[in-house]
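The listed protein sequences derive, respectively, from chains A and B.
Whatever position you read off the first sequence (first residue = 1), add 132 for this note's numbering.
Whatever position you read off the second sequence (first residue = 1), add 242 for this note's numbering.
Please keep in mind that the hints were generated in silico from the structure rather than gathered at the bench.
Among these hints, one or two may not hold up.
If you only want the chain B side, here are some residues facing chain A, beta carbon under 7 Å, derived [stated by the list, open to error]:
no. : residue
1   : Leu-260
2   : Arg-263
3   : Ile-271
4   : Val-290
5   : Leu-386
6   : Ala-389
Heads up, the beta-carbon is just placed ideally off N, CA and C, and yes, glycines get one too.
If you want the building blocks of each chain, they are given just below.
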Amino acid sequence: MVDLSDRALWEQARAGDGSAFGVLFERHASRIYNYCFRRTGDWALAEDLTSATFLLAWRSRGRAPLQAESALPLLYGIATNALRNQRRSLKRGREAFARLPLERTEEPDFGEDVSARLDDQAAMRELLRLFRRLPRREQDVVAICDWSGLSYEEAAVALDIPIGTVRSRLARGRRRLRELATTSGPEEGVDVVPLRIEVNEQ
Amino acid sequence: MSFPLTPPPERDFPAGRLQQRKEQLVSEIYATAVKQAPRYPRRILVSVAALTVAGIFAAAAYAGYALTRPVTPVVTIGCYESDSLDANTAVLAAGTKSPVAACTRNWASAFGAQPPASLAACVLPSGAVGVFPGDTSGDTCKSLGLAEAP
Chain A
133 MVDLSDRALW
143 EQARAGDGSA
153 FGVLFERHAS
163 RIYNYCFRRT
173 GDWALAEDLT
183 SATFLLAWRS
193 RGRAPLQAES
203 ALPLLYGIAT
213 NALRNQRRSL
223 KRGREAFARL
233 PLERTEEPDF
243 GEDVSARLDD
253 QAAMRELLRL
263 FRRLPRREQD
273 VVAICDWSGL
283 SYEEAAVALD
293 IPIGTVRSRL
303 ARGRRRLREL
313 ATTSGPEEGV
323 DVVPLRIEVN
333 EQ
Chain B
243 MSFPLTPPPE
253 RDFPAGRLQQ
263 RKEQLVSEIY
273 ATAVKQAPRY
283 PRRILVSVAA
293 LTVAGIFAAA
303 AYAGYALTRP
313 VTPVVTIGCY
323 ESDSLDANTA
333 VLAAGTKSPV
343 AACTRNWASA
353 FGAQPPASLA
363 ACVLPSGAVG
373 VFPGDTSGDT
383 CKSLGLAEAP
């Protein structure tokens, strides 16, 4: 089953096969996890939101045929909605999972990079402080295209908007972000260095 | 100090946690499926049971009515050759106070045979009187699902 395409797994899931959906989870959970982290600056919250995203995807599978070969655009779209309605999504996810206690396991790999993850959180929150001053629609496009590496086409599917809109929002978002970065630094009295974000106006 | 606009590098979902979350998700999926599965048939079963009960009440009410209903004013009497609603029937104009006597009188001309020793008058589904070979104990009418005519 692990060799099957996303489309085949999604079709099996739509027919009610939970294990096919489990394979999709294993395949894409890390991408969604990182996307949720970059939108929240919180690894634990990102983990909960990842579960909530997949639960929402399972519940909506009947209404949502896969439009692309990959399930990622669809999952990014659902995650974006889950982030937007964070409180409600988490409440539903936690209600659903409350019956199944999630035991914290020893995670040697996690333990080793725990300080790195704490650094990630600090850096991400600093970046989000600026990023959240963008209009929400531009935040979505920048986070999906620039931070997650989806193509314009995939972003258009994820956000259910035309490709032209993806391009224009991305250009505006990038420009605004540059302007914000040059006018407000992370701390008072600290110089702002040139951006490291790659600007690709198209 | 720099202020990068690129987020920190991606990190893997911790392997053990990933497996745990996956198992949790799949369990929730199956739990939901089990919970939802009987919802549809149960609704049908309740409907079928309700209809069955309603049907039983209706049948009982009809049977009670059929076995006790009074004779309605009629213009004909049916003389049945045997104790069956499908038997040959001689239809007589009503106007007699004794349907049994009327059928006895007309039996030979209608069926070419002597009338039976006893006849029973019953109330037909139409409300008219039907006269059948049989005794007057009321069993003949009952066996045909009819009320006994007064």
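- Index of numbered hints that the structure contradicts, given in increasing order: Hints 4, 5, 6 are the ones this structure does not satisfy, whereas the remaining hints hold.
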